[in-house]
Every structure is written in C-alpha cells, then in structure tokens.
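There are 2 protein chains.
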Amino acid sequence: MIMSLVAKTPEPPYYAVIFTSRHADEVEGYTAMSARMKELAAQQPGYLGIESARDEAGITVSYWKDLQSIRVWKAHVEHLQAQETGREKWYSTFKVRIARVERDYGFSRDGLE
Amino acid sequence: MIMSLVAKTPEPPYYAVIFTSRHADEVEGYTAMSARMKELAAQQPGYLGIESARDEAGITVSYWKDLQSIRVWKAHVEHLQAQETGREKWYSTFKVRIARVERDYGFSRDGLE
Numbered sequence: 001m002i003m004s005l006v007a008k009t010p011e012p013p014y015y016a017v018i019f020t021s022r023h024a025d026e027v028e029g030y031t032a033m034s035a036r037m038k039e040l041a042a043q044q045p046g047y048l049g050i051e052s053a054r055d056e057a058g059i060t061v062s063y064w065k066d067l068q069s070i071r072v073w074k075a076h077v078e079h080l081q082a083q084e085t086g087r088e089k090w091y092s093t094f095k096v097r098i099a100r101v102e103r104d105y106g107f108s109r110d111g112l113e
Numbered sequence: 001m002i003m004s005l006v007a008k009t010p011e012p013p014y015y016a017v018i019f020t021s022r023h024a025d026e027v028e029g030y031t032a033m034s035a036r037m038k039e040l041a042a043q044q045p046g047y048l049g050i051e052s053a054r055d056e057a058g059i060t061v062s063y064w065k066d067l068q069s070i071r072v073w074k075a076h077v078e079h080l081q082a083q084e085t086g087r088e089k090w091y092s093t094f095k096v097r098i099a100r101v102e103r104d105y106g107f108s109r110d111g112l113e
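Which chain is which? The protein sequence lines are R and E, in order. The numbering used here puts the first residue of the first sequence at 1, with every later residue one more than the last. The numbering used here puts the first residue of the second sequence at 1, with every later residue one more than the last.
For the record, the hints were derived by calculation from the structure and aren't laboratory data. It should be emphasised that the depicted structure is a prediction, and the values quoted were computed from it without experimental measurement. Every residue, glycine too, gets a C-beta built ideally from N, C-alpha and C. Hints may contain errors.
What the hints assert, rightly or not - Within a straight-line C-alpha distance of at most 30 Å, the following computed DSS-like cross-link-like pairs (lysine-lysine) qualify: (1) R:74 - E:74; (2) R:38 - R:74; (3) E:8 - R:65; (4) R:89 - R:38; (5) R:74 - E:89; (6) R:65 - E:89.
What the hints assert, rightly or not - Taking beta-carbon pairs under 8 Å as the criterion, some of the chain R residues facing chain E (in silico): (7) 19; (8) 29; (9) 85; (10) 87; (11) 89; (12) 91; (13) 93.
What the hints assert, rightly or not - From the derived model, a few chain R residues whose C-beta atoms are all more than 10 Å from chain E: (14) 9; (15) 18; (16) 28; (17) 30; (18) 36; (19) 44; (20) 47; (21) 68; (22) 72; (23) 75; (24) 80; (25) 82; (26) 103; (27) 104; (28) 106.
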C-alpha cells in the first residue's frame with residue numbers, strides 16, 4: 001500500500017491527535033505494533049488520515065471527524081493493549097494532545113498530494 | 001542548547017501549528033534555515049514550544065498562546081523569506097494546519113520530561 005505522507009483531510013473543522021514520543025531502550029515488537037495500529041486506526045469510524053515521522057523524537061498525528069471517534073479508538077481493545085505495552089516498554093516519555101483543526105492550507109509542486 | 005523533544009506546554013487551551021512536508025530534491029540551505037527558524041520562533045511573543053521529526057515525511061508542530069501570536073510569526077520578515085524559498089526550492093509538498101489544543105496528557109518514565 002502506498003500511503004500519502006501528507007494526509008488528505010477534508011475541509012476543517014476536524015480533530016487531530018498529536019502524539020509525540022521518545023523511545024525507551026527496549027523497542028522489541030514496536031514496529032509490528034505500530035504498523036498494526038495504523039492499519040486498525042484506518043478502519044475506525046471517523047478516521048480521516050494519519051501522518052508520522054521519527055528521528056530522535058517520534059511524532060504521529062492522526063485526524064478524526066469528531067471527539068467521539070477519538071474516544072472510541074482510544075478504547076479499542078487492541079489499542080488499549082498497545083497503549084499499555086507502550087507505557088511498560090517502548091516509550092520513555094510521550095505526550096498526547098487533542099486539538100480541533102480550525103484552518104488548513106497547503107502547497108504541492110506536482111499536484112500529487 | 002539541549003532541547004526537550006517533547007515540548008513543555010502549559011495547560012490547554014493553546015494553539016498548535018502542524019506543518020507536514022515532503023522535501024524536494026533540492027535541499028541546499030535547508031538545514032541552516034530550519035535551525036534559524038526554530039531559534040527565531042522561540043523569540044516570538046506567545047511561543048510555547050516546538051517539536052519536530054523527519055524521515056520520509058517531516059512533521060514540525062509549534063505551539064502558541066493564541067491565534068494572534070501565530071499571525072505575527074507567519075508575517076515575520078525572515079520567516080516570510082523562508083516560506084518563499086520553501087515553496088520555490090525545499091518542499092515538493094506541504095500542509096499547514098492550525099488547531100486549538102483542547103486537552104493533553106502525558107507519561108514519563110524518568111520524570112525528565
């Protein structure tokens with residue numbers, strides 16, 4: 001599956017979950033979980049897209065139709081398990097911010113995104 | 001200067017500017033500009049913090065006290081120059097989203113962040 005790096009979200013307003021993290025030393029199992037969570041998130045009602053990048057810090061921003069969609073996804077049983085393992089093993093620190101996107105604009109040189 | 005990877009923002013509400021980009025082939029001058037923009041942003045009124053990560057995609061999230069602070073920073077003369085060169089040279093595509101952070105929570109294993 002070719003994923004666009006810049007999510008194709010609809011006209012605002014919509015919601016963003018900004019997840020910023022730093023990995024712990026122990027990252028066994030992380031890559032598989034991360035791929036599975038992206039796959040699973042994309043199947044949830046109200047999902048609009050996801051963007052992520054990682055070097056020293058990791059930033060994943062997922063976009064959602066409304067707060068209720070975010071609540072349902074947070075409480076998904078497989079996601080709960082991933083959150084728990086993240087706290088126990090993969091992350092030394094993270095922060096989650098729930099934000100209402102009020103305006104957006106973009107630029108594309110080649111019209112592909 | 002040691003920068004925290006996870007920005008130490010105050011209690012919500014505050015604002016986030018989510019900047020997601022893909023680089024063009026031409027990135028000469030980008031690293032210096034990026035460092036200068038981070039330094040300059042941190043001097044602006046209403047600046048609360050910044051987080052960034054880059055692999056295939058780049059995501060930079062800057063945090064601000066209010067929309068007016070974001071407007072003033074967007075119109076800063078050096079920042080305008082960087083935005084123009086970004087469109088002309090460094091980015092093949094980007095998207096900017098202005099969002100109101102309504103809630104946040106975090107986790108830290110070692111209490112450092």
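Now for the hints, and whether the structure bears them out:
Proximity of residue 74 (chain R) to residue 74 (chain E) is assessed by CA-CA distance (about 34 Å); at most 30 Å being required, the pair is judged violated. Using a Cα cut-off of 30 Å, the hinted pair residue 38 (chain R) and residue 74 (chain R) holds, with the two alpha carbons roughly 13 Å apart. Between residue 8 (chain E) and residue 65 (chain R) the CA atoms are separated by roughly 27 Å; this keeps the pair inside 30 Å, and the hint holds. In summary, the hint linking residue 89 (chain R) to residue 38 (chain R) is supported, as the alpha carbons are separated by about 19 Å, within the 30 Å threshold.
With a C-alpha separation of about 39 Å, the suggested pairing of residue 74 (chain R) with residue 89 (chain E) is violated against the 30 Å cut-off. Of the pairs offered as hints, the one joining residue 65 (chain R) and residue 89 (chain E) is violated, with about 33 Å between alpha carbons and a cut-off of 30 Å exceeded. At a threshold of 8 Å, the smallest CB-CB gap from residue 19 (chain R) to chain E is about 10 Å, leaving the interface hint violated. Because the smallest distance between the Cβ of residue 29 (chain R) and any Cβ of chain E comes to about 17 Å, over 8 Å, the interface hint for this residue is violated.
Restraint check, residue 85 (chain R) versus chain E: the minimum CB separation of about 13 Å is more than 8 Å; hint violated. Against a cut-off of 8 Å between C-beta atoms, the interface hint on residue 87 (chain R) holds, since the closest Cβ of chain E lies about 6 Å away. Proximity of residue 89 (chain R) to chain E is violated relative to the hint, the smallest CB-CB distance being about 10 Å (cut-off 8 Å). Residue-level restraint check for residue 91 (chain R) holds (minimum Cβ-Cβ distance to chain E is 7 Å; threshold 8 Å).
Evaluation of the residue 93 (chain R) hint against chain E yields a held restraint, the C-beta minimum of about 4 Å falling below 8 Å. Once the 10 Å rule is applied to beta carbons, residue 9 (chain R) is inconsistent with being away from chain E; the minimum gap is 8 Å. Residue placement check: residue 18 (chain R) does not keep its beta carbon more than 10 Å from all beta carbons of chain E (closest about 6 Å). Once the 10 Å rule is applied to beta carbons, residue 28 (chain R) is consistent with being away from chain E; the minimum gap is 16 Å.
The claim that residue 30 (chain R) lies off the interface holds: its Cβ sits roughly 15 Å from the closest Cβ of chain E, which is beyond the 10 Å cut-off. The Cβ of residue 36 (chain R) lies farther than 10 Å from every Cβ of chain E, with a closest approach of about 19 Å, so its non-interface assignment holds. Every CB of chain E lies more than 10 Å from the CB of residue 44 (chain R), the least distance being 19 Å, so the non-interface label holds. For residue 47 (chain R), the non-interface assignment is confirmed: its Cβ lies about 16 Å from the closest Cβ of chain E, beyond the 10 Å cut-off.
No beta-carbon of chain E comes within 10 Å of the beta-carbon of residue 68 (chain R); the shortest separation is about 14 Å. For residue 72 (chain R), the non-interface assignment is confirmed: its Cβ lies about 16 Å from the closest Cβ of chain E, beyond the 10 Å cut-off. The claim that residue 75 (chain R) lies off the interface holds: its Cβ sits roughly 15 Å from the closest Cβ of chain E, which is beyond the 10 Å cut-off. For residue 80 (chain R), the condition that its CB be more than 10 Å from all CB atoms of chain E holds, with the nearest at approximately 15 Å.
Consistency note on residue 82 (chain R): stated as away from chain E, and its beta-carbon is indeed over 10 Å from all of that chain's, at 13 Å minimum. Residue 103 (chain R), annotated as away from the interface, has a beta carbon of chain E within 10 Å; the closest lies near 4 Å. With a cut of 10 Å on Cβ distances, residue 104 (chain R) falls inside the contact zone with chain E, its closest approach being about 4 Å. A beta-carbon of chain E is positioned within 10 Å of the beta-carbon of residue 106 (chain R); the least distance is around 4 Å.
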